[in-house]
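K.L.:
Residue numbers (my numbering), protein chains in the order written: chain A, 1 to 180; chain B, 1001 to 1143.
Worth double-checking, as some hints may not be accurate.
[Said to hold, decoys possible] Facing chain A, from chain B, some residues (calculated, C-beta under 8 Å):
| no. | residue |
| --- | --- |
| 1 | M1114 |
| 2 | N1128 |
| 3 | Q1134 |
[What the hints assert, rightly or not] To list a few chain B residues with every Cβ distance to chain A over 10 Å, as calculated:
| no. | residue |
| --- | --- |
| 4 | D1015 |
| 5 | P1025 |
| 6 | M1066 |
Keep in mind that the hints were calculated from the coordinates and are not lab data. We put the CB at the ideal spot given by N, CA and C, even for glycine.
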Amino acid sequence: MSRQTARPTDSRKVSAELFTLTYGALVSQLLKDYENDDDVNKQLEKIGYNIGIRAIEDFLARSNVTRCNDFRETADVISKIAFKMFLGISPAVTNWSPAGDEFSLLIENNPLTDFVELPEGHNKLNYSCVLCGALKGALEMVQLEVDVKIVQDQLKGDNVTELRVKFIKRLEDAIPAGED
Amino acid sequence: MSGGSYYFVIVGHHDNPVFEMDFMPSAKANDPKREDHRHLNQFIAHASLDLVDEQMWTTNNMYLKMVDKFNEWFVSAFVTASRMRFVMLHDEKNEDGIKNFFQEIYETYVKHSMNPFYEINTPIKSANFERKVQFYGRKYLTT
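Hey, can you work out the whole structure from these sequences and the hints?
P.N.:
Pasting the structure below:
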């Protein structure tokens, strides 16, 4: 039985700063534990993936969107509804590839990176790659396999943070072996 | 108040310098005795810490005005909520300028300490922070 009633005010909202500080503490602790930037990036993606596969249910229940007809609709829903709902921002959807299977999300004020400066010697750290993992996990749960990468990062000196989303294939529900 | 030299240091909880910067008017910038002054400045600032610690309990304000004097150097201090001590050595009285400077540096310091990668009490190496301190120094101290 799913809960269809809309929650008028979420009385358990936390302050945005607490969210930013919590995420910052998580990343800095991961950095202390693993020390290697690539390992931390992998862990952040895994964390994002785990968040994504669970958040998608919440998202679909709260937003009542219908099935998307093509990838462009998916991109719009991600940017205007999903990001708005979870992070309060609306990234721009741009740089569509000619085949229509890749697009970019441009984020200008990323709430995860308020006040953050990357420390010396850690230039390969993708601070926001939890977002990549989350997108990948969430889309996997709706049968879309995608690859998400960070191509521009405000913490590394670029003007915007750019996430590149590439469609790989549509996943078919596999019937478990042994059943007809 | 051009003509005054200022030495600014942020002192941590273990009396360790977290950040230092000096502001000289251009006339004195090439003074060969500057290297010697660096050690003296640190010494004077360190000696004044006891007085800062005493005075911080007597008032509700963070800005402590002048706490000490050494020969021709005045020492002013500002203590933040987390007991980080901003100490300023100066040879000219410039209460308003120093007070404004301390306020702006306090805000800058708070923003810097929100960085999850910065550990409190460790030396501040950020180029961004340095630029801001230089900017406010030029604005409030050496104009």
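K.L.:
In terms of Cβ atoms, is chain A entirely out of 10 Å range of M1066 (chain B)?
P.N.:
holds (33 Å)
K.L.:
Confirm or reject the statement that P1025 (chain B) sits farther than 10 Å, beta carbon to beta carbon, from all of chain A.
P.N.:
Holds, because the least Cβ-Cβ distance between P1025 (chain B) and chain A comes to about 31 Å, which exceeds 10 Å.
K.L.:
Holds or violated: is there a CB of chain A closer than 8 Å to the CB of N1128 (chain B)?
P.N.:
holds (7 Å)
K.L.:
Just want to verify: D1015 (chain B) was marked as not at the interface with chain A; is every Cβ pair farther apart than 10 Å?
P.N.:
Fine: 25 Å to the nearest Cβ keeps D1015 (chain B) off the interface.
K.L.:
Please check whether M1114 (chain B) passes as an interface residue: C-beta within 8 Å of a C-beta belonging to chain A.
P.N.:
Interface hint status for M1114 (chain B): holds (4 Å vs cutoff 8 Å).
K.L.:
Minimum Cβ distance from Q1134 (chain B) to chain A below 8 Å?
P.N.:
It is violated, given that the least Cβ distance between Q1134 (chain B) and chain A is near 17 Å, above 8 Å.
The structure fails hint 3 only (numbered hints given earlier).
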